[in-house]
Structure formats: C-alpha cells, structure tokens
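Okay, so the sequence shown: first residue is 1 according to the UniProt record's numbering, each after it adds one.
Don't take each hint at face value.
Stated by the list, open to error - In silico DMTMM-like links for lysine to aspartate or glutamate, alpha-carbon gap of 25 Å or less:
# : residue 1 : residue 2
1 : Lys175    : Asp427
2 : Lys838    : Glu820
3 : Lys651    : Asp618
Hints are computed from structural coordinates only; laboratory data are not their basis.
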Amino acid sequence: MTAVEAAADPSSDEAPDRYDAAAAQLRWQEYWETNGTFVPRDDDSSERAYVLDMFPYPSGDLHMGHAEAFVMGDIVSRYLRLKGLDVLHPIGWDSFGLPAENAAIQRGTHPAEWTYANIDTQATSFRRYGLSLDWSRRLHTSDPEYYRWTQWLFLRFRERGLAYRKASFVNWCPKDQTVLANEQVVQGTCERCGTTVTKRQLTQWYFRVTEYAQRLLDDMGELEGGWPDRVLAMQRNWIGRSEGAYVDFAVTLGDGSHRAEPVRVFTTRPDTLYGATFFVIAPEAPLAAELVTDKHRAAFEAYLEQTKRITEIERQATDRPKTGVFLGVHATNPVDGAQIPVYAADYVLAEYGTGAVMGVPAHDQRDLDFARAHGLRVQMVVDTGQPDPAETGVATSGDGAYVSSGPLDGLTDKTAGIARIVEQLQDDGVGETAVTFRLRDWLLSRQRYWGAPIPIIHCPGCGEVAVPDDQLPVELPHLSGAALAPKGTSPLASATDWVNVACPQCGEPAKRDTDTMDTFVDSSWYFFRYCSPGYEGGPFDPDDVRRWMPVAQYVGGVEHAILHLLYMRFFTKVLFDMGLVDFVEPMRRLLNQGQVINQGRAMSKSLGNGVDLGAQIDAFGVDAVRLTVVFAGPPEEDIDWADVSPAGSLKFLQRAYRFATDVTSAPGTDPATGDRALRRETHRLLADVTAALESQRFNVAVARVMEMVNAGRRAVDTGAGPADPAVREAAEVITVALSLVAPYVAEEMWERLGHAPSVAHAPWPQVDPSLLVAETVTCVFQVQGKVRGRIEVAPDVTEDELRAAALADEGVLRALAGREVAKVIVRAPKLVSIVPGK
C-alpha cells in the first residue's frame with residue numbers, strides 16, 4: 001500500500017478521516033479549470049501583479065528540478081492573490097531548439113512531433129502539480145503565430161541598425177554543426193553538448209547589444225534589492241566596463257612603407273607606454289593576415305591553423321607556454337618613437353578591441369613570459385621597490401615611482417601619471433581617453449532547422465532585402481529525419497523551393513537567408529506576449545503591457561544570469577526606445593531556486609541516483625512532494641533528496657487535515673469569544689508566516705504553520721476543545737496558509753470547515769496587533785551568573801519592583817547563603833543579576 005493509498009484507507013492508523021489524496025487531486029484540477037479559478041479578472045477592480053516562471057523547454061516530462069522551480073513561483077502567485085491582488089501567472093513553452101531537431105534526426109520524424117508530444121505531457125503534469133496557472137494565455141515559440149512577431153522584431157531592430165551581418169571568426173560546435181554566442185561557450189565547450197568549441201570564419205547575423213552596454217550597467221540601480229546580488233555581479237563582470245585610453249601605433253610594412261591608417265589599441269595603463277617593447281595581434285584577427293609579409297606568411301598561416309584547434313580557455317591559461325610568430329613588420333611607439341616588433345600570438349583574442357595589444361613585459365606577467373620566450377627587451381617603467389623583472393622573470397604590477405618614462409619620471413601618483421600621458425597623446429593626435437566593454441555583440445545566426453527563419457532575402461542586385469511585414473511569418477518548410485542532419489550549413493539550404501524566391505524590391509530571382517535565430521531571441525520577449533494573447537496588431541498591445549508590467553516576480557535558475565537575463569534586458573531597452581513600453585527593466589524582482597540533487601550529486605542515470613518526480617507523486621501525493629521541496633531549505637539552496645522525507649510531509653498533512661475535520665463550531669463564529677492563549681499563539685505565528693513570505697523564506701513559513709497545527713491540536717485535545725471559536729480561527733488560518741504549498745489538502749480542509757470553494761480566493765488572514773503584545777514576561781533571577789529563579793511579570797514592571805522580588809526569592813536567598821549583596825543589575829523586564837559580597 002502506497003502512502004497515498006494509506007491516506008485514503010480509513011482502516012490505516014495514519015489515515016486522516018475520509019481524506020483521499022488521489023481523488024482530491026482529480027477533483028480540484030477539474031474544478032480550477034472549469035471555473036477559471038486562476039484566470040485574472042484583468043479589470044480595474046484591484047491592484048495587479050504579474051508573476052512569471054522562466055518557461056520550460058519540452059525535453060520530456062517534468063523532473064525534480066521543475067518541482068522546485070515552479071512551486072516557488074506558485075507560492076508567490078497564490079500569496080499575492082490571497083492578499084487581494086489580481087494576479088497574472090501564465091505558462092508557455094520555449095519550443096524551438098537543438099534537442100528537438102536531434103531527436104527528429106534519430107527518429108526519422110519532424111521536430112514538431114517530438115516537441116508538441118512533450119508539451120502535452122508536461123502540460124498534463126503541470127496541471128497535476130497543482131500550479132495556479134492561467135492556461136488561456138498559453139504560448140509556444142515554435143508556433144508560426146508566435147515567431148511571426150519574433151521575425152517582425154528582428155526587422156525593427158535591423159531598421160534601427162541593431163541587427164547586422166558581418167564576416168568574422170566565430171565559435172563553432174563540431175558536433176551540433178552550428179555557431180555559438182560567446183555566452184554559450186562554457187570552459188571552452190559547447191553549453192549544450194559539451195563538445196570542445198573551435199573557431200570558424202563565417203558571415204553571420206548579430207544584434208548590436210554593445211550599443212546598450214552602459215545602459216545595461218546604469219539601469220542595474222533599479223534592480224538593487226530586488227535581484228540577487230550575485231546575479232547583478234555576474235552581469236557587471238560580463239559587461240566588463242574598463243576605463244583607459246586608445247593609443248594609435250603607426251606600422252612600418254615589410255617594404256618600408258607605412259600603413260595608411262595607424263593601428264589603434266586600448267589599454268587601461270597608458271602610463272606604461274614607455275615600457276611597451278613589442279606589439280601583439282591575435283592570429284585570427286584580419287589585421288594579422290593583412291600585415292604579415294610574404295616572407296613570414298607560411299609560418300603565420302601554419303600558426304593560425306594551430307590556433308584554431310585550441311580553446312579560448314587554453315589560450316588564456318597563465319601557465320601555458322607563450323607561443324607566437326613574427327609578422328615581419330614593426331610598429332612605432334607613439335611616446336618615444338621606438339620601433340617595436342609585431343607578432344601574432346595566441347594569448348591575445350580577436351574579440352578584445354581590435355585584436356591587438358601593446359606588450360609591456362615588465363608589468364604584465366603574460367607579456368613578460370612572451371618576451372622571455374622570444375628574446376625581447378624588458379623595460380621597467382614603474383619602480384615598485386621590487387627587483388627588476390628582467391632579472392627575476394616576475395612582473396611587477398603595483399604602484400610606485402615612474403622611471404625611464406620621459407615627462408612622467410619622478411611621479412608617484414598613478415592617476416596623475418595616466419592623466420598626463422593621455423594629455424600628451426591627445427596633443428600629439430595619437431590617442432584619447434576611452435571606455436571599453438568586455439561585452440561583445442550577440443551572435444544570433446544558427447545553422448540548424450528548428451528555429452525562427454531570419455526574414456531576409458539576398459538579391460544579387462538589391463543586396464539584403466527585408467521580407468515585407470505582410471508576408472510574415474516566413475514559415476519553415478517541412479523537413480524531417482535525415483534531411484535535418486547537420487552538414488556545416490543550414491538544412492534549410494536544401495529546401496530549394498523554399499529558398500528560391502523573387503526579390504520583393506526588383507522581382508528578380510533571389511534567395512532566402514537559410515540561417516535561423518538563436519532560441520534566446522524567442523525568450524527575450526515572450527513575457528510581453530503573455531499580456532496580449534492572440535493580439536494581431538503587433539507582438540503585444542502596449543496598453544496591455546502597461547497594465548501588467550513590469551513583472552512583479554520572476555523565478556528561474558541562476559544559470560541564466562548572463563544569457564537570458566541579459567538579453568531580455570537588452571530587448572526591453574530597445575522596445576522602450578521604440579516607444580512600445582514605458583519602462584526599461586522588465587522584472588522588478590528575481591528569485592533563483594537551487595538544484596534538486598541526490599546523495600550529494602546532481603541526478604544522473606549513469607550514477608543511478610535519479611529520482612522520478614511522477615513516482616514520488618504517485619507514492620506520496622502532490623502536496624507532500626511540494627511541501628517537502630519547500631520545507632527542505634531556502635529557495636536558493638540545493639536540496640538533497642536523500643536528506644528529506646516526503647513520507648513525513650504526508651503525515652503532517654494528514655494531521656493538519658484531521659485538525660480541520662475536528663472543528664465543530666459554525667463558520668462565522670466570533671473568535672474573540674474563544675481561548676485567548678490559543679488566539680495569541682495563532683496570531684504570533686501568523687505574523688511570522690507573513691513576514692517569512694514577504695522575505696521569501698518559504699521554508700520558515702512552513703515551519704511556523706507546522707507549529708500552528710501543533711498548538712491547535714493541543715488546544716483540541718487538552719484545552720479549549722473542538723467547539724471553541726479560537727480553534728476554528730486557528731484551523732482557518734492554517735488552511736489559508738497551507739494553500740500556498742499544499743493546495744489540494746487546503747481545498748479539502750476549506751470545504752470541511754464549511755466554506756464555499758475556492759480557498760485560492762479567500763482573504764489572507766489579518767494579524768490582530770493586540771494579540772502580539774505579551775501579557776506577561778518571564779524574568780530570570782541570576783546569582784553570580786547562575787539562574788536561581790524565575791517569575792512571570794507584567795511587561796511594564798519597574799526596576800524597583802523587580803529588585804524587590806528578586807531579593808525576596810527563595811532560590812536567590814539560598815544561593816546568597818546569608819552573604820551581603822554587593823550589586824544588583826536590573827534589565828527590566830527580563831533579567832535581574834545579583835552579585836554577592838566577598
């Protein structure tokens with residue numbers, strides 16, 4: 001017999017009276033859906049709140065991670081609804097992407113078959129899990145009705161110069177046969193499949209997110225206190241604002257002539273220019289191929305091929321030997337005119353500025369390692385009091401006095417040194433102050449099928465031509481099975497009937513763009529669409545968005561801190577500039593949930609430590625699983641399933657239900673006529689529950705509800721009795737609070753207490769402040785630090801009254817044993833400390 005079956009079996013010792021968990025789940029699922037319990041009114045009758053979970057990917061049925069992530073958002077949604085707000089809590093699926101395409105290749109089917117079958121499975125499980133979702137706004141990003149507007153937004157971004165196409169070296173996943181954005185490369189490997197990422201030169205589409213870098217930083221001020229500090233820190237680090245200077249280096253070519261344009265580099269330490277003794281360019285940067293002389297080209301090209309096989313993580317490792325090749329040209333140091341050799345070296349990345357840096361070996365360890373490996377001069381220009389790096393092989397990076405630095409010699413203030421050298425560069429026309437960012441433009445092209453087609457037509461005469469709005473969406477042609485196999489180019493290229501079209505401008509033969517968009521484009525605006533389901537006039541109705549947004553509470557994993565959360569902030573700022581929204585940050589509050597692990601490790605089939613969510617629900621019921629997840633710890637911490645007890649959670653729920661069924665007083669009975677001690681306990685714990693919910697300490701809120709059940713049970717069994725109005729009040733408060741975490745049991749309890757459904761629309765109980773004021777306080781009497789007595793006193797007792805009581809206490813008198821009292825310290829109303837004489 002399972003625990004759920006035991007709960008329904010009246011003969012079981014642990015069975016609550018006539019409570020059938022499985023039947024309750026079916027009953028209330030049907031009731032909620034039939035009655036539209038969680039569909040917002042969307043009128044002006046009350047304050048609104050938009051609660052949103054990061055929408056799921058349909059990779060299969062729900063798992064334990066979903067169990068934690070979605071119950072957190074559900075608690076917030078249900079709580080705000082009980083507080084009287086009109087709550088929007090929608091659901092949808094991020095349904096484009098590689099897993100569906102790979103599954104279709106393996107099965108010889110179309111990606112939609114796998115995708116929508118999984119969506120149906122997950123939708124059934126979401127309903128079973130008791131989530132308070134508004135199903136009327138459901139969306140799927142792979143529906144043409146949705147990606148029509150993804151394409152529309154792409155074209156609007158392009159009109160504003162924010163979507164553009166260029167050739168460059170990109171991250172390439174050899175297994176998935178597609179490019180990756182920098183953010184999708186984790187420790188040198190593909191975020192999706194773990195394959196080592198290589199470099200490949202392709203012409204790709206980008207979003208100009210760098211244009212918004214400073215605004216992405218500045219607007220974080222709106223998120224302070226609402227978003228976790230670590231997420232904001234991760235975004236700041238990824239954006240990577242650096243202050244310094246641009247410096248122009250003239251380049252002497254192999255034939256003795258000068259390059260028409262100087263090479264501009266960025267440095268945070270222009271004050272060390274006098275120590276620049278060589279110049280380094282990333283091998284894959286176009287500049288390196290342009291500058292290399294014929295004499296050195298073969299060696300350079302061999303080195304370039306070698307570099308392509310090394311991950312960026314390896315290239316930047318500090319302990320890796322510093323390799324490179326001389327390009328046969330020299331640059332002119334703009335402050336002293338010295339000719340310094342130019343190298344291609346793989347420890348410099350093309351994505352950093354122009355892909356070129358000045359080498360200052362005395363004060364940068366990587367530069368020093370390179371200089372020593374290639375026999376280059378090391379010139380110390382900041383005397384930090386440490387030994388000369390040319391002799392020790394250890395670069396010095398601290399502050400000190402400038403030496404061998406022309407007009408800077410003798411200065412000891414770095415700020416003054418930087419200001420003076422920048423002034424000199426500006427006067428000479430070879431530099432200027434600058435701010436740069438680590439952030440790079442968002443590479444959004446993907447060479448795969450299952451994504452939103454890029455709505456561009458390439459015409460030999462007209463160039464890149466936007467698909468007219470009235471021809472959107474550009475729908476995917478029907479491809480399946482082997483036709484989807486990755487070939488290094490998009491599978492869409494093989495759909496010739498789809499690719500070959502007439503140019504919208506000139507009518508001549510042209511071709512569609514065969515790349516699809518990164519799925520992070522879909523997820524960067526989906527929360528707007530929820531506000532206007534089915535709207536035909538644009539991606540959303542601005543008036544609907546104005547009513548519901550910004551989102552009051554967003555819930556999702558911290559793994560999206562840089563990818564999704566940064567991109568959706570960028571999208572919102574662009575939409576603000578377009579006049580479509582009147583705010584710049586879409587999510588007021590962010591809650592990150594932890595992971596559900598087992599036996600100290602992430603769940604894995606290979607480790608044999610997987611826990612099946614469906615099996616847990618079958619065994620213990622939805623409410624017990626939800627309660628276990630919430631009670632296990634703070635939302636942001638990981639949960640080890642080996643350390644928790646859904647069986648124990650079920651026993652508690654049974655006890656709470658039995659308490660509600662024991663109540664015999666009628667609904668509406670005045671609780672003020674009931675047992676005051678129980679009422680005081682109920683309201684004290686209610687105050688704690690409310691405070692815990694407001695601060696999102698959901699586990700603490702559950703603990704206080706458990707205490708409330710214990711207090712109520714004691715009152716029924718040994719005190720006030722089941723007819724006492726205070727017992728009813730306690731049961732009703734417990735039921736309403738419990739509905740946040742265990743909605744099925746709460747609905748049953750609410751009905752047994754004589755109320756019409758649904759408890760989801762009951763008012764949140766109000767704390768009576770008068771019941772929080774202590775009627776008596778325990779005062780402790782100490783002699784030489786040891787407790788010798790206790791008495792109950794009024795909270796406003798005076799010091800004189802406490803001193804007299806303590807000196808008359810029998811325990812105190814025994815401890816003093818006739819000794820005189822040297823000192824009496826009174827801390828009213830809780831402590832009297834007595835120090836006897838010697």
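For each hint, the structure was consulted:
Taking the CA atoms of lysine 175 and aspartate 427, the gap is about 53 Å. The hint is violated against a cut of 25 Å. Only pairs whose Cα atoms come within 25 Å are accepted, and lysine 838 paired with glutamate 820 is accepted, the gap being roughly 8 Å. A C-alpha spacing of about 15 Å is found between lysine 651 and aspartate 618, which places the hinted pair at or below 25 Å, so the restraint holds.
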